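J.: So the protein lines, in turn, are chains H and P.
First residue of the first sequence: 1, per our numbering; consecutive thereafter.
First residue of the second sequence: 1, per our numbering; consecutive thereafter.
Hints listed in this document are in silico derivations from the structure and should not be mistaken for laboratory results.
Accuracy of the hints is not assured; some may be wrong.
If chains are identical, the list can't say which one is meant, so a pair holds when it fits in one copy or spans any two.
[What the hints assert, rightly or not] Lysine-lysine pairs mimicking DSS-like chemistry, simulated, CA-CA at most 27 Å apart:
#  : residue 1 : residue 2
1  : K91       : K102
2  : K297      : K15
3  : K15       : K276
4  : K49       : K276
5  : K260      : K54
6  : K260      : K2
7  : K15       : K49
8  : K134      : K297
9  : K102      : K245
10 : K15       : K2
11 : K257      : K245
12 : K54       : K258
13 : K242      : K102
14 : K245      : K111
15 : K120      : K102
None of these values were measured; they are calculated from a predicted model.
2 protein chains.
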Amino acid sequence: MKLTILGCHSATPLKNAHTTSQVLEIKGHLFLIDCGEGTQIQLRNRGIKFSRIKHIFISHLHGDHFYGLVGLVSTFRLLGRTADLHVYGPKGIKEIISLQLKLANSWTNYKLFFHELDNKSSEVIFEEDSLLVKTIPLDHRVYTNGFLFEEKTGLRRLIKEKIDEYNIQQHHFQNLKLGKDIQLEGGQLLKNEAATSDPHPIKKYAFCSDTSYNEAIVPLINEVDLLYHEATFLEAHQNLAKTTKHSTAAEAAQIAKKAKVKHLLLGHFSSRYADKQDFLKEACPIYEPVSLAEDGKEMNI
Amino acid sequence: MKLTILGCHSATPLKNAHTTSQVLEIKGHLFLIDCGEGTQIQLRNRGIKFSRIKHIFISHLHGDHFYGLVGLVSTFRLLGRTADLHVYGPKGIKEIISLQLKLANSWTNYKLFFHELDNKSSEVIFEEDSLLVKTIPLDHRVYTNGFLFEEKTGLRRLIKEKIDEYNIQQHHFQNLKLGKDIQLEGGQLLKNEAATSDPHPIKKYAFCSDTSYNEAIVPLINEVDLLYHEATFLEAHQNLAKTTKHSTAAEAAQIAKKAKVKHLLLGHFSSRYADKQDFLKEACPIYEPVSLAEDGKEMNI
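Working from the sequences, and respecting the hints, build out all of it.
T.: The following block contains the structure:
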């Protein structure tokens, strides 16, 4: 898994501070998470091929998380896209995009599927053999979901030396990978563990923005490899965080600690703070390791 | 009058090629003309005070001319704006913006007036003592207006030497400025022309984008000081210009010539052309003076 931050700032885009958008490379997919104004330019800046994006996940309908979507949908058409596009987001997102296409007397020359969400409990919204995506219901001023991207446990791995030692024939490989014991050509039963090792450990990435401090998400994000959690404010503005249903850096760290995540990534910073290091200073005493998101930052998970 | 080009490229925004938006400084106003995605960042790049923008004119509902509007409207609120905002644009623009504010559970803390246009004839849409704005109906794939920004003829100007020579008292000044003859204190009649000169010449700016070649606009833009006319294509793609209802550089020059405009400014370039000088090469033989729009370019009219 590889995460690329396209934008990690709150409220309004500035020249060098883009609003929320991320690209997650996972099992051959390139998932776009949120799509603030100007995301299509950020994609170009990072040299990301537009055609590889087939699934877009939108957390909520505040502008700094989706005002770039309609432009991207339009640009896909202008680029001659034919591949299907799936958009997952709150109920209403289809009406917003469709209305603008209709009034522009425009259309998409590819199939555009909207998967509108209104469930207040976590649900699986995307699944295939090797991965699934679940919603993480968040507590914000409007209906909002975070997203959990979770690899599925893969096949057991053949141990090359054991394969040679027991002279195991190729037609046994699939059963071994599936965890089955096999009968060797000489009639001897071979226990699976003798020739295989555990599957690659699975990875999990949780995206949680925007949200107030909300312990209800802890079981959903338990022990994830990376948690992106919003930290709009510092402790000095804790009251503002409460009234606007955002989090402070310390609150994000509390959630990370309770969920025993492996790494915390803070983002969605308010532009009022000149020195972003203050977010680290407030989070570190509560939880480590912790990093700050930056536009353009890449992280291997 | 001063024109600032924020973006002059067609279709989709690129890192260094912004879609259509302009700021016109005229008689103390700062008018925003069209508002492609990322316009608010361009405004910041140019150091333009957001609070000075009170009137926004939108030509048509294709994304490269208005996808930045909803973000700007939202940012105005976040900046604590209280002044009224007037948006002039095609019918439907109110529904698009209102729907997005409603679904975001948001609002504006200033009065937002939509002046929706559906008239196919030219009409005055803004007027005050010193200037007026008229629509220029254009021929594009959707309902589209250009805009004519026109100063009104001002007052006659007092000639200081003559005022002194005839010892004209101050209470006569207003009548002189209004073009009236006056009776001097000695009883002598003084013809207006003896003590005044003509008013400052009025200036006119016409914005015409997007449109196919359309001679119907010629009477409306006759002898304007500056004509911004779209030139999406070069002659090599004349057929494409026809089918998409855009213009070539040569067609824009033909319109400028027929309307005897004082200066032609080409814009709305397709990104397919690496060398923008080719637009000049095709326009110059037909009409001069002609310039190319550039993002960030400023022109005193």
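J.: Now tell me if each hint is right for this structure.
T.: Taking the hints in turn, this is what the structure says about them:
1. K91 x K102: both (18 Å within a copy, 12 Å between copies)
2. K297 x K15: both (17 Å within a copy, 18 Å between copies)
3. K15 x K276: Both. Shortest intra-copy (17 Å) and inter-copy (26 Å) distances satisfy the 27 Å Cα cut-off.
4. K49 x K276: Between copies, since 26 Å is at most 27 Å while 31 Å is not.
5. K260 x K54: Answer is neither; intra-copy 32 Å and inter-copy 51 Å both fail.
6. K260 x K2: Only inside one copy: K260 and K2 sit 21 Å apart there, 59 Å across copies, limit 27 Å.
7. K15 x K49: Both ways: K15 and K49 sit 23 Å apart in one copy and 15 Å across, limit 27 Å.
8. K134 x K297: within (24 Å within a copy, 48 Å between copies)
9. K102 x K245: Cα proximity of K102 and K245: across copies only (18 Å, versus 34 Å in one copy).
10. K15 x K2: Both: 25 Å inside a copy, 24 Å across copies.
11. K257 x K245: within (20 Å within a copy, 59 Å between copies)
12. K54 x K258: neither (34 Å within a copy, 49 Å between copies)
13. K242 x K102: between (39 Å within a copy, 22 Å between copies)
14. K245 x K111: Only across copies: K245 and K111 sit 26 Å apart there, 36 Å inside one copy, limit 27 Å.
15. K120 x K102: between (31 Å within a copy, 20 Å between copies)
Hint compliance for this structure: hints 5, 12 are not met, and every other hint is.
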